Every structure is written in structure tokens, then in C-alpha cells.
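**Student:** Assemble the complex: chain D is given as a structure, and chain S must be docked to it using the hints.
Protein chains in written order, with the working numbering: chain D, -4 to 328; chain S, -4 to 328.
None of these hints come from the bench; they were simulated from the model. Nothing here was measured: the structure is a model prediction, and the numbers come from that model. Mixed in with the good hints, there may be bad ones.
Same chains, same names: a pair is fine if it fits in one copy or spans any two.
As the list claims (entries may be wrong) - Simulated pairs of lysine to any residue, SDA-like, Cα-Cα distance not exceeding 20 Å:
| no. | residue 1 | residue 2 |
| --- | --- | --- |
| 1 | Lys43 | Leu80 |
| 2 | Lys(-3) | Asp81 |
| 3 | Lys263 | Pro122 |
| 4 | Lys(-3) | Ala11 |
There are 2 protein chains.
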Amino acid sequence: MKLRDLATPALVVDVAALEHNLEAMAKELPGTRLRPHVKATKCSALAKRQAALGHRSFCCATLREIEGMAAAGLGDDLLLANETLDARRLGRLDARVTVAVDSPETVEAAANGGVHEVLVDVNVGLPRCGCAAEDAGRIADLARRRGLTVRGVMGYEGHVMPLAERAQRKQACDASMAKLRAAHALVGGDVISAGGTGTFDLNDVATEIQAGSYSLMDTYYAKLGMPFRLAFCIWSTVVSANQTFAVCDAGLKSLGMDHGNPTIDGAKVWFCSDEHVTFSRDAESDEPLAARVGDRVRVWPAHIDPTIAYHERLHLVSGEQVIEVWPIDLRGW
Amino acid sequence: MKLRDLATPALVVDVAALEHNLEAMAKELPGTRLRPHVKATKCSALAKRQAALGHRSFCCATLREIEGMAAAGLGDDLLLANETLDARRLGRLDARVTVAVDSPETVEAAANGGVHEVLVDVNVGLPRCGCAAEDAGRIADLARRRGLTVRGVMGYEGHVMPLAERAQRKQACDASMAKLRAAHALVGGDVISAGGTGTFDLNDVATEIQAGSYSLMDTYYAKLGMPFRLAFCIWSTVVSANQTFAVCDAGLKSLGMDHGNPTIDGAKVWFCSDEHVTFSRDAESDEPLAARVGDRVRVWPAHIDPTIAYHERLHLVSGEQVIEVWPIDLRGW
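Same shape as in the complex, but just chain D:
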């Protein structure tokens, strides 16, 4: 199928950019040095490409993601990098599943759910899940007493990712990882799991990096000057236009909005409605705004994760040709 003939709005992926990103990361962090996070892309077909490049351990944020990865034959080493109070769906799977625990209740849930392995999740500065570093040994002991194998620690330095300067990120990452290292000394085990796309080459404490966004990127991460290309956008049709502004058929239900408006090349985005983006010519651009009714425009999302979660499939595009369609099969909970 031609890209032109695709019904809109549709997620399209530039295959060359995707492959560039996957290969650049696999070179930097080969094999199990990367534990690709599937939450950003929610697509087991994309995960299979990562596996083909040598990564066989994966990271998930939801039970559904773990189940889908196991069903796709990618269950060699799945980490639920999140807390759950009901792990029974995980204990049933024919897959190696490790879960994050940060409290007596989550240890109990893992044991009761039939999960055998855990990581102790440590708060390394982002106010979200994770126990205090000094409590990590106590949680590990609890887990061992419940018969669980403690593989090590994890801690996500999510507050570091948006820092604009590389040196700032390095400094903040080091401070976070000092906490994780201290926790690891109390916990033991082989695994120190941490990091993300924003610190993939800055974090020198983690034994494995949990990066996901790097494969497709977004306009927010693209500002950080990393060696990854913007590889996906919303393919959209201009459905209405006048001399002042134009309207295309992407909108709040096809775009995660927590990082702000999407970007349209050469245009100024006014606002998004449920099924529309209103935009005009960018006064600072030399390019005239091509916006006649029926034209197609690329809408670049600001945040990949909540954008992908709205869509049913990724359309892989090479030039003007749609060469493959991948289901976004890991949505929901």
C-alpha cells in the first residue's frame, strides 16, 4: 500500500530511522547490557527486532505487557519494573518473570502469586515507587524469608531524563546511582537495573539499562542531542483549511498531551481538540504552509508513551510505501 492511501490518523514509522536507532543502541549496549523497555512502544513485533539484535531480556510496566511478551515467545527474562498487589497472572505464565518489590505487601503479593524472582525497587530521587535505600536490605530479607530469589536492585532516575544538558544529567544520574549502589550493598545479587533513554550512556553503575523510547523517540527526547532519530509520527489529513489556519485529523485521542502540543514542520500549532489539530503558517519559516484540504501532514508527538497507547497498529514505511503493519498488541492492563 502507498502511504498516500493510508486511512488517517495513523501511526507511521520510518523503517530506516527505526533500524538506525535499534542498531546504534545495540552497538552501545549489546545483549543483556540493554533490557529494552516495552512500555513506550507496546509492540511485540518491535521487541522481536530488538531480540534479533541480541537483547533477550525485556522490561515491562504492566501485567498485560508481560503476558503479551510471553505469548509472543519473548519470555526468556521478563521484568515487571513496577509494583503489583496481585501477581497471580504472572505466576501462571510459561516464562521467567521477575517483579519489582518495595514493601512487605508487594513481597507478599509476589510470593502468593507464584512468582519466584524479585528485584528490590529503590527510590533514587524520583518521587514514585521504590523503598528508601536504607530499607532495601530489610525488603530483601523479607523476600528471601518468603522463598523468593532476590536478583538484585532496580531504581529509575526518571527525574534526570528531562535535564537539557548532558553534564547536568551525568551529575544527577551519579547522585541517584550512589543511592542505588548503597542499596545494592545491602541487598546483594547480580542485577543493578536502572537508566533510560536519557541516561543510556551516562549511567555507569547499572548492569543493565531500561531504555525504551530510543527506538522511535519523540520531540521531547529529540532535544537532548542523542544519537537516535525521530522515527515515528501521526500521518494525518487536512480536513479543513482557510486563508488563516488549517485543521488536520489528528487530535487529543491520537496524541499524548502531558508534554505539550505536537509539532508540524513549518507550522505553528494553535491547539488540539479531540480529533483535530488547528495550525497555521509558522511566521518564522520561509516555507509556505502547504495546507490545502486533502493534503497529508506529519504530526510529531511530544511524548511517545501515551501516544502509542491510543493506537492499534504501527505502519512501517519506507519512502512512499507502507511495507509492514505491526499490531500494538500490549495495550491495556
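**Tutor:** Structure of chain S alone, referenced to chain D:
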């Protein structure tokens, strides 16, 4: 099933509040005076409740919504209140379908797609779709020359909805409707379709009101002091907690964020991550924050439309009992 046993995050609907809202609106705008918009709720089972209360004409924003409503046996009078450049999926349906047109291209698409009836969409002040009021007659003439029946006009005064004061909304609505009335004089036809939840009892020009959010509401609309109750929320589990803050398992992938953070009763929401909301005790609240690991909390979304679009089903709840589950079957495009 008990509410307590529901896997989280889950959309839950208070049946009594929903029924209150549906009945209050049906009393104010009986039968075809209301054309319920399905875009907010994307649920044909909910639309069937509206139909049972006497509304047999419905409003949709996407082709998928129209198809789903037709498949559900609710195809008596479906309006695509949106522009499309490819109406062929509509022309195939065994349903009465009317589409909005605002340009020669959209007229052509309707005719080529096998659609028989149109409304001329008029820009009444919101910079989005719709032709200028003075062009409406020309668009109607074009449509008639292409063999289409022009039923009248539509125009959505979306910019009026968020105005906090009722008197402000009334004034702005009147100004918008003056434009729509002028366009109608040029177009003719029986239908003047306009309005929304924020102007349902202020718009005295429209022959039918396109309201959708009223059935379940959100915290944004709830501030307007209308006779509708907040009827849905995200049912969520506290998965991590300490003395300073707690974290529950709703997040950016279960909440539309364009209207800002959700609300948790008695709590201060710090921020949302992909699968988490971090919150603390509200310093101004007298209530202690009940936030032990395993507790359930109600997370009230700020914007209904992009919230519902993330979810697979509505769980209807009466007291502590889940009494029915409705698929959110009209998602996607």
C-alpha cells in the same frame, strides 16, 4: 463482582449518577431536541440507554463511531459532525448517515462515498472546521448540484464551553448562534445542529443540541455548576506509599491530560507518570490521607473524552457491587 476485586486501573461508573444525568437531560431536551454525541463515551451500550430515554438521533466524530452505532442497531439518524475526505465506509452502511461538509472537497467526498445527506458546517467562532457563514449558501448549492440533500447547518461553539460564568456563556453562545442563524438563512433545511454540555440550556437557536459529556461528566465540566453529577472515575490501587507521598496505578495511559492533572479527594496530586499518579495529603484538608499500600482510590479525570479513549470497558457500579460491564466499542478510527 465486588468493586474491591476489580483489577486496576479500571473505569468505574456510578449507575445512580449516570441515570440521574441521562434523565435530567432527557427531561430538559426530550427526543430529537438532543442529538447525543457519542465521542465522549464511545460506548454503544450507553447510547442504548439514551435511546431508551427517547433520543434516536446521534452524533459521531469518527467513521468508526458511525460504523459501531450502525452495527449496534442505532442507525436511525447518525450525524458525522466532522469533515471527511473519504466517505466510502459510510455509504456502505445500512443506516441513515448525514455528514458535515465545509468545502468543495468534502462535498465531493460525500457524493463519491455514497452518502445522501449533509449539513453545512459553519465556523461560529472556534478556529476549527466549518466554512465562513457567508460561504454557507455556496457550499449548500454545490452539494445540491452534486445530488445531495442539504438538511441544514451545524456549528459548534466549542470556545464557549469553558467560560466559567453562565452569563458569559450565554452572551458568547448568542454571538456564535447569530452567525449560525445567518448561515441557515442562506442554506435552508430543517436542522440547526449545535451546542454541547456547556450550553445545553443556553442555546436557543439550535433545533438540536450535540451534548455528550453530560452523561458521565469530568472535573472540568463539573466546575460549571450544571445539573449533572460526576459519574465516572478511574478505580486505582495504591501500589507504593511512604510517610510523605503515595503512588497509585492510574497514569498518563489511563487519563487524558490536556485539561491538566486529575483529582483525588482529600489529596494533592503531585504529577502523573505513564502508569502512576503520585499524591500526598492535601494540606488544606481536614481528612487524613488514607494511603496504605493496597488501598483503592478514586482518580477523577479532568477531561472525559481522551480518558475514555484509553480504556476497553466501563464497569457499572452500584454501591460496592459491579453490576454490569459495557465495552467501549467505538474506539479508534
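**Student:** Is it within a copy, between copies, both, or neither that the alpha carbon of Lys(-3) lies no farther than 20 Å from that of Asp81?
**Tutor:** Only across copies: Lys(-3) and Asp81 sit 16 Å apart there, 45 Å inside one copy, limit 20 Å.
**Student:** My question is about Lys263 and Pro122: at a cut-off of 20 Å on alpha-carbon distance, are they close within one copy, between copies, both, or neither?
**Tutor:** between (35 Å within a copy, 14 Å between copies)
**Student:** Treating 20 Å as the Cα threshold, decide for Lys43 and Leu80: within, between, both or neither.
**Tutor:** Neither: 29 Å inside a chain and 36 Å across chains, both beyond 20 Å.
**Student:** Is it within a copy, between copies, both, or neither that the alpha carbon of Lys(-3) lies no farther than 20 Å from that of Ala11?
**Tutor:** Within one copy only: 17 Å inside, 50 Å across.
Violation of the numbered hints given earlier is confined to hint 1; every other hint is satisfied by the structure.
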